[in-house]
Structures are given as C-alpha cells and as structure tokens.
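*Asks:* Residues per chain are reported as follows:
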Amino acid sequence: MQGEQQARAPVLAPPAEWALPERPGIPSNIWKFIRRKPLGAFGVFLVLLMLAMTLGWPKAEFGAPQLPSRPLGFELGKPWLARFDAETTFRDAESGRIAQYFLPSADHWLGTDKGGRDTYSRMVFAARRSLFIGLWALAFATVVGTTIGIISAFFRGWLDTVIQRLMDSFQAFPALLILILLVSLFNPDLTILAIGLGFVGVTSVQRIVRGVVFSTREQPYIEAAKVIGATDTRTMVFHILPNIMAPIIVLISVGLGAVILAEAAISFIAPQRVPQDPSWGIMLNVTRSFLPPDPEGYHTLAAGGAIVFSVLGFNLAGDALRDVLDPRLRVG
Amino acid sequence: MQQYILQRVLLNLLVIFMVATLVFLVLRIDTDFVVTQQAAQTQITDPGATERARDIVRADLGLDGSIFVQYRTYLWNISHLDLGESFAAREDVIDEIGNRIGPSLELGLLQIMVALLVAVPIGIISAIRQDTVIDYVLRFFSIALLGIPVFVLGVLVLLLVARDPIGYTPPLTTYRDLLPFPPFETGRGVDVWVNLQIMFMPAIIGGLGTGAIIMRFLRSQMLEVMRQDYVRTAWSKGLQERVIILRHALKNALIPVLTVVGLLLGTLVSANVVLETIFVIPGIGLWVVNAIGQFDYPVIQGVVLVIAVILVFVNLLVDISYAWLDPRIRFG
Numbered sequence: 001m002q003g004e005q006q007a008r009a010p011v012l013a014p015p016a017e018w019a020l021p022e023r024p025g026i027p028s029n030i031w032k033f034i035r036r037k038p039l040g041a042f043g044v045f046l047v048l049l050m051l052a053m054t055l056g057w058p059k060a061e062f063g064a065p066q067l068p069s070r071p072l073g074f075e076l077g078k079p080w081l082a083r084f085d086a087e088t089t090f091r092d093a094e095s096g097r098i099a100q101y102f103l104p105s106a107d108h109w110l111g112t113d114k115g116g117r118d119t120y121s122r123m124v125f126a127a128r129r130s131l132f133i134g135l136w137a138l139a140f141a142t143v144v145g146t147t148i149g150i151i152s153a154f155f156r157g158w159l160d161t162v163i164q165r166l167m168d169s170f171q172a173f174p175a176l177l178i179l180i181l182l183v184s185l186f187n188p189d190l191t192i193l194a195i196g197l198g199f200v201g202v203t204s205v206q207r208i209v210r211g212v213v214f215s216t217r218e219q220p221y222i223e224a225a226k227v228i229g230a231t232d233t234r235t236m237v238f239h240i241l242p243n244i245m246a247p248i249i250v251l252i253s254v255g256l257g258a259v260i261l262a263e264a265a266i267s268f269i270a271p272q273r274v275p276q277d278p279s280w281g282i283m284l285n286v287t288r289s290f291l292p293p294d295p296e297g298y299h300t301l302a303a304g305g306a307i308v309f310s311v312l313g314f315n316l317a318g319d320a321l322r323d324v325l326d327p328r329l330r331v332g
Numbered sequence: 001m002q003q004y005i006l007q008r009v010l011l012n013l014l015v016i017f018m019v020a021t022l023v024f025l026v027l028r029i030d031t032d033f034v035v036t037q038q039a040a041q042t043q044i045t046d047p048g049a050t051e052r053a054r055d056i057v058r059a060d061l062g063l064d065g066s067i068f069v070q071y072r073t074y075l076w077n078i079s080h081l082d083l084g085e086s087f088a089a090r091e092d093v094i095d096e097i098g099n100r101i102g103p104s105l106e107l108g109l110l111q112i113m114v115a116l117l118v119a120v121p122i123g124i125i126s127a128i129r130q131d132t133v134i135d136y137v138l139r140f141f142s143i144a145l146l147g148i149p150v151f152v153l154g155v156l157v158l159l160l161v162a163r164d165p166i167g168y169t170p171p172l173t174t175y176r177d178l179l180p181f182p183p184f185e186t187g188r189g190v191d192v193w194v195n196l197q198i199m200f201m202p203a204i205i206g207g208l209g210t211g212a213i214i215m216r217f218l219r220s221q222m223l224e225v226m227r228q229d230y231v232r233t234a235w236s237k238g239l240q241e242r243v244i245i246l247r248h249a250l251k252n253a254l255i256p257v258l259t260v261v262g263l264l265l266g267t268l269v270s271a272n273v274v275l276e277t278i279f280v281i282p283g284i285g286l287w288v289v290n291a292i293g294q295f296d297y298p299v300i301q302g303v304v305l306v307i308a309v310i311l312v313f314v315n316l317l318v319d320i321s322y323a324w325l326d327p328r329i330r331f332g
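Chains D and Z, in that order, are what the protein sequence lines are. Once you know that position 251 of the first sequence is 251 in this note's numbering, the rest is easy, because the numbers rise by one and skip nothing. Once you know that position 226 of the second sequence is 226 in this note's numbering, the rest is easy, because the numbers rise by one and skip nothing.
Keep in mind that a hint or two might mislead.
Unchecked claim - Restraint-style ranges between C-beta atoms, simulated for each label pair:
1) A230/D to T233/Z: 47 to 55 Å
2) T36/Z to E218/D: 54 to 62 Å
3) D323/D to R90/Z: 55 to 63 Å
4) F238/D to L317/Z: 38 to 46 Å
5) Y71/Z to G157/D: 29 to 37 Å
6) L317/Z to N29/D: 33 to 41 Å
7) T73/Z to V162/D: 42 to 50 Å
8) R90/Z to V162/D: 52 to 60 Å
9) T132/Z to A19/D: 25 to 33 Å
10) Y71/Z to F238/D: 52 to 60 Å
11) E218/D to E241/Z: 26 to 34 Å
What the hints contain is simulated information worked out from the structure, not anything from laboratory work. A quick note: this is a predicted structure, and the numbers were derived from the prediction, not measured. Ideal Cβ placement from N, Cα and C applies to all residues, glycine included.
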C-alpha cells in the first residue's frame, strides 16, 4: 500500500530534471546554424547584403511589372545604400571638367567611371537588375520545370519519353549563344532576357524534379491516396508537390546564382544588345574595352567583386540549405 | 550492346533534327527587325529603295517564300551537308567552321590538360590528407575558383598584366596564324611562339575553373574508394603507400572523373565563347558572337548544328567508353 503510493507520487509531480527542455528560440537556432555551417551562414549574409542593395522607398506609381525599376508592379526609388543617382555626372570642382576615372575619395567610395558617374552607386543600382532578373527567371523556370517534371514522372510511358527527348534537344542547344541571339532579335528588353534565362533553366529543373518524383510516387501515402480515389491531378498537387518542396527550394537558391552569372556573362559579351541601365556585366565590359584608363582597376573590382560575391552567396546558401533540408541530394 | 548503340544513334539523329527545327524557329521569331537592320545599311537613295533593299536582304537571308517552303529548303540542304554561304564573307559555312575549329579545339584541349595536371595531384593529396590544414587550404582554393567566373578572372588578369610593371598584351591574330585542324589544311606556316602567347592565359584561366570541378569530384571519389575492402587488404599486405594510392585506389577513382572529362569534350567548342571573346581568339566562339551581331543566319544555324552534333555524339562515345572502362556496367 505504502509502496504503491510512493510509486505513484513521481507521476503526479515529476522531478525537475524530467521536465522537457524549453524549445530553442529563434536566436539560438540561428546561432546553431552559424556554428554548424559557417560557410552557409556567410552565404546567407551575402544574399541578405545583395537584397539590402536592392531596397529603396517605393513610389506611388503603379503599373504593369517591368524590369528593372518596377519589378513587382510599383516603382522603386533610389536604393538606400546608393549615395547618388546612377546617371548623375560629376564634375571637377576646380576645372569644371567631367570627373573621369577619379580615384576613391570620401565622396566617391569606389571612384568614378568614364562618364564621371559614381562607381559605388552604379554597383548598388545594378544589384536590382541582377536580383530581379534572377527572381523572374527562376519563377518561370521553377513553375514550368516543376509542372513538366511532375507530369513526366507521374505518367511515365510514352509521354515521359516524348518530353525527355524534347528536353534533350534543348540541352544540346548552346544556351549562351541562343540567349544572345534572342536578345539581339528584339529591341533591348530585360523581360525577354529573363524569360529566355528561365526557359534555359527549365531543362535542369525538370530533370531533377523528375528524378525526385520517381522515388516519391512509389511511397505508401501516394498509393493510399489512389486507393481512396484521389484523382491524378489531386495526387500530384496535394500529395506529391508538398513532398518535393525541399529540393525545389534548394534548386531555386543554386539557380539564382547561375542565372545572375548568365545575365552578367550576356551583358558582358553583348553589351550593345541589352538595356543600358547599370549592370555588372556591362561595367566589366567597359573596363575591358578601356583597360589603360581605369588606372587602379576599382571599376573592375567593383563589378567583378559584386558578381563573384553574389554568385558565391547563393551557391553557399544553397549548399547549406541542401544539407539542412534534404540530405538525399548531397553530392561530393 | 550493338542494339543499344543503334538505338542511341537513332535518338541522337532525332535530337539533332529537333535542334535544327528549334534554331530555325528561333531565327524566324521576328524577321522584320533583322531585315530592317540589314536594309538600313544599304547605300541606295532613290525612291522606293527601302522596300527594294528589304527584298534583296530577304532573298539573301533565305527569308522569301512561305515559312514551310523555307523549312523544306533548309532541311533539304542540311541533309545534303550544305550549310549555305556566310552572309558576311560569302564563303561556304562548312569551310569556315573547319578553319576556325582549330583554335577552339586547341584552347579546349589545353584547358583540359591544365585542369588534369592541377586537379589530379591536388585531388589525391586533399583526399589522403583529409581534414588537415593542406586539405582545407586546397579546398578553399577550389571553392574560390568555382565561384569566380572566367570572365571576371580573365579581365582581372588582363588588367594586371597590361599595367605598368609588366605592360604586356597578347598579340592580335587571325586563325591563319594558328594550328589548323587536320582535315582542313589552311596551308600556312604556324608560328608556335605566337600560338603559345595567345593560348596560355585563357588556357590556364579556363583550365583552373575546370580543374576545380574535377578536383572536387576526384576527392570525393578517392575518399570513397579508400574505404573499400580491397584497399584495406592492400594496406594489410604491407604494400607501400604510393603503390596503394596510385595503383589500387586512383585507378578506380579515375573512372567517373574520366566521364566528367568526356562530357567536357562534348562542350569543348561551345564552352569557350566568353574566353575567346575576352582574349580575341579567332575560334568558333568569337566568330559566332560576331555573326549574331550581324544576323548572319547561315553561320548561326550552321554553328549551332555543329555544336549540337559534337555534343550528342561525344556523349554517346563517353557512355560507351564508360562500359569499356568499368566492366561492371551493363546496358540493358
């Protein structure tokens, strides 16, 4: 009798050390991520930095979305991080001549370019173009690629064969050349470039999605969904899609780096064919064409550094995301 | 095996047919723009000249007649290995490709040589000294090289050597000074010194980028192979470390690496468009970028087709040689 009560007592009032530990808060989770994946955290930091470069006060001018100044349907003002407007031409205070290739100073942190414009501000402006082309292209590539990948893997058979052969022939295309050709065929327009880049991305997105869906569709819960009479569409949208979100998120992060790189490469190779608003690729091309007058190379370093760090940021962040979200995809 | 090869060859022909169709369609998205651009360059001034100039340009580019007639002529010519005459130089496109493929192939092969020379020793060292300081340093450099795009590195290197203490720029050449591709004799003496001066910078820059990929791949392969039973057997037999690593482990770790190299061979011609543009190497890449600028339809169509043909058939060869290198692989 006495023994029974003693045995029950701890159940009624568990000792302090039995209590569940408190769920770790967001700050400690972030700290854990930084400690476990220092490179990934560095990548996230670079991505956030690039995002910060694109932010500015929205203006109350609405209209159809347009790259790069109106990416989300409303006009964005001068980025907070930029010191001057991108097209302002500065003049030397004494002689009144255009401030061509000035060295870095308190006013112009990275000097000025051939037209006397502030290099640092132009670098910040160009982030908006790169990031939003990336986002638009990835949105297109992800939506189309995921749809094609799921359908191709879900139905298999002749449909899969036809789709995959079509994708093979897209893959055999020299993508960079076709994109330069595409932008050359129209008046310079970033929307066309973004869609073209997205189109190139579709092949790789759909291939990876297809691979993942092949294993997902054999899972018991898909069979269960079929047994209770879910239609094909319902199975694909509500049962397969939510379960392949992890690889898709990773794909978006890595893909953004690739698209930013491709846009810079195209603007670099064919600068006359793309819109002339500030762009890292064009900035780099200008320094190549006028090598000797860029005396200390700040212009080159600004544009090149921006490209390298933004691509690196998305790649590192994507690698870390892959490890955290989806260990199946780990490579190397 | 024979059946597999036959099947793949037929599939490749299908892919090439689709590539041909796609490039045909892309080039006909907006022909009016191209025709206007070309016609604007004519010198005629009498009334009605614009329309006549447009008609001439249309006939020249093969854009007269309905799209079906154009398509039929186009396919007929391709099936007879006739890629037409280039619009700018009035020369047979196949001959011109033959002249210019030499420098492109040379650059690509040199890059692969540089890549292997750098990547194989570094990959081995990084793997057998895993998680030591050497490993971290080598991996850091490979990640850095993966992150820096070739056109940023290329411009930085050019800027560095062109400036004062060195003051060197590579000489300007045409394809006539460079090594010819065997079946197409250009029939002129080759200046080896000029050849080397032009090739060494892009070969090293491109080779390091490729080498970083190969190194990461080889490292992970080596780590896997070193844990295999037969390697442990070799250790316990008391073999020398050098013998175990080079003869037992490396041989097996290299097979997948060779596949990567093979896949690189497929993109040999198309991968160097950017480097050829920066270093003004008179290969296929520079030529086709200029051709796109001039809307030289036969050249664009021809080069895209040749690139696609090389890509799909090299990939087939790689798959076949894979089975030959690793007898464990069977094709169904």
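*Asks:* Indicate, hint by hint, whether the structure satisfies it.
*Replies:* Hints versus structure:
no., hint, in the structure
1, A230/D to T233/Z: 47 to 55 Å, "53 Å, holds"
2, T36/Z to E218/D: 54 to 62 Å, "56 Å, holds"
3, D323/D to R90/Z: 55 to 63 Å, "57 Å, holds"
4, F238/D to L317/Z: 38 to 46 Å, "44 Å, holds"
5, Y71/Z to G157/D: 29 to 37 Å, "30 Å, holds"
6, L317/Z to N29/D: 33 to 41 Å, "50 Å, violated"
7, T73/Z to V162/D: 42 to 50 Å, "27 Å, violated"
8, R90/Z to V162/D: 52 to 60 Å, "41 Å, violated"
9, T132/Z to A19/D: 25 to 33 Å, "43 Å, violated"
10, Y71/Z to F238/D: 52 to 60 Å, "43 Å, violated"
11, E218/D to E241/Z: 26 to 34 Å, "45 Å, violated"
Hints 6, 7, 8, 9, 10, 11 from the list above are not met by this structure, while the remaining hints are.
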